[in-house]
Amino acid sequence: MNKQKIIGVIFAAIISLTACQNIDKPAAEPVPADVTAAVMSEVELMSPAEKDLETIGAYYTDLDTLSVADMSVYVCGSGAYPDEIAVIKFKDADAAESGFEAVKSRYDSMVTTFIDYTPDEMYKLDSAVLEKKGNYVIFIASADNAKAQTIADGKF
Amino acid sequence: MQKNGNQKGSSANIINKLLSVFIGICIVVCLILSIIAIAKNITEEPPAEEYTPPPVVGDMTTPASITDPADPFTETVLTTAATAPAETSAETAETTATTAQTVTSDETAETAAQTETSTVSAAIAATPAADDYDKEFFSNWLFVGDSIFTGLYGYNYLSSSNVFAKIGLNPASVRTTDNNGTTVYQKLAVSKPDIICIMLGTNGLAYLSIDSMITDYGKFIDEIKELLPDTRIIILSLTPVTKVHSDTKPETLELVTSYNEALKTLAEEKETDYFDIFTDLSDDEGYSRPEYAENDGLHLKGAAYKRVLWLLEDYVKNGEEESGNE
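The listed protein sequences correspond, in order, to chains Y and L. Following numbering that gives the first Met the number 0, the numbering of the first sequence begins with 0 at its first residue and continues without gaps. Following numbering that gives the first Met the number 0, the numbering of the second sequence begins with 0 at its first residue and continues without gaps.
Calculated from the structure, these hints are not laboratory results. These numbers were taken from a predicted model, which means no experiment stands behind them. Hints should not be assumed to be uniformly reliable.
Unchecked claim - Each pair of labels, with its calculated beta carbon distance range:
#	chain 1	residue 1	chain 2	residue 2	range
1	L	Ser138	Y	Ile114	55 to 61 Å
2	L	Ile14	Y	Glu96	32 to 38 Å
3	L	Asp221	Y	Ser40	36 to 42 Å
4	L	Gly23	Y	Ala145	27 to 33 Å
5	Y	Asp91	L	Gly285	54 to 60 Å
6	Y	Asp33	L	Thr264	30 to 36 Å
7	Y	Asp107	L	Thr256	34 to 40 Å
8	L	Ser158	Y	Asp91	28 to 34 Å
9	Y	Gly153	L	Lys16	24 to 30 Å
10	Y	Ala145	L	Thr181	53 to 59 Å
Even glycine gets a Cβ: it sits at the ideal position worked out from N, Cα and C.
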């Protein structure tokens, strides 16, 4: 009887601790390149050209690249379309907060440009995905933003 | 003996009670830990902050789905460019024609291109191999232009520090518009380039007269000469458009060729270089070759930039006669 109770206690403790551990587990932290690859495999972006920390400054002028932990960004290389995807992981919550503002600033500048330049393409920006998930900031402007968002959300 | 048995029994009862209490404590502690963990989780992982873009006034017409295919011609064209940069356009056209056996016109090529949907391949195609031209050769150049020139750094062919380009820029607005807070004159004063390469005018064709654009262009050239008298100025011709674009949009082939003629005259008057990239990027009829034209028929694919940079390098290194440009 005693042995049974001891085993019961150990079993209960293990189960409870495992449960606690599961609750403690943070949300998924995907590699940004995996997210963009998943989206781009199903949602078409026009003339995508990859940007790295060295070259992103020409597009994301307010972004502090020192605060970026990892990122995957594709812009439209030809400049003809607003198609773009950016999944940026920041080093901490504060950096993500200001990073979100930097990405929003990029979005605003695109709206200002394309509203007169190619109004037919504005629907991609009107329904653009722009959100912060923990330390990540996600921006997607494409012909099918709803689908892109579903795919991106599935990675978190 | 019985007393001992009773004592043993009461000890077992005490142990049993203690174990029960211990199990109870374990469960309570775990419950508390779980609640703390959940609370911590909620604090650390707020729900996604979603931004709803403001409503925008404009034409919201959704265009037909246009795809950006992996360029079937890129490899051939790049090989051609690498081996013979100064080849005539006719020779290159022949190579392209051989490769694109089923393509009989720009329109057909565009239609064919629109049916292919390999985005990942397109991304790979957009990444330059950077082996056909010397990027370092352009390190003290400044390219001034519109959205077409944004492709120079957009496709990662040049550093953005060597480019002053903005979507919508034309010969008039270049003199008054800033780019991320910097005017073209400030950029020129800071970078002091050896060579300035200008391509402007595409954006004005729809609503400005050629004469007014050439006048503004001339003023811009004068201002650059005053600011940087030792800097070489190269005026680039406008690039060709596709037949579909020419037939349906304001930037027609006729307007582009007329404007280029006017640019050539301007270059002679201002004693600057005029570099014709129109001929090299166009087919026998003067329309943009499908391997160089972006889906909108106006902008350029990555291969075109590589070709242009190669031609410019050859032109400056070997002079106009050997490069075949005037």
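A quick look at each hint next to the structure:
1. Ser138/L / Ile114/Y: 55 to 61 Å: With Cβ atoms ~35 Å apart, the hint is violated.
2. Ile14/L / Glu96/Y: 32 to 38 Å: violated, 56 Å
3. Asp221/L / Ser40/Y: 36 to 42 Å: Roughly 52 Å apart at Cβ, these two residues miss the hinted range, so it is violated.
4. Gly23/L / Ala145/Y: 27 to 33 Å: violated, 51 Å
5. Asp91/Y / Gly285/L: 54 to 60 Å: At roughly 56 Å between Cβ atoms, Gly285/L and Asp91/Y fall inside 54 to 60 Å, so the hint holds.
6. Asp33/Y / Thr264/L: 30 to 36 Å: With Cβ atoms ~55 Å apart, the hint is violated.
7. Asp107/Y / Thr256/L: 34 to 40 Å: holds, 38 Å
8. Ser158/L / Asp91/Y: 28 to 34 Å: Holds, at about 30 Å.
9. Gly153/Y / Lys16/L: 24 to 30 Å: violated, 51 Å
10. Ala145/Y / Thr181/L: 53 to 59 Å: violated, 38 Å
Violated hints, listed in ascending order, are 1, 2, 3, 4, 6, 9, 10; each of the other numbered hints is respected by the structure.
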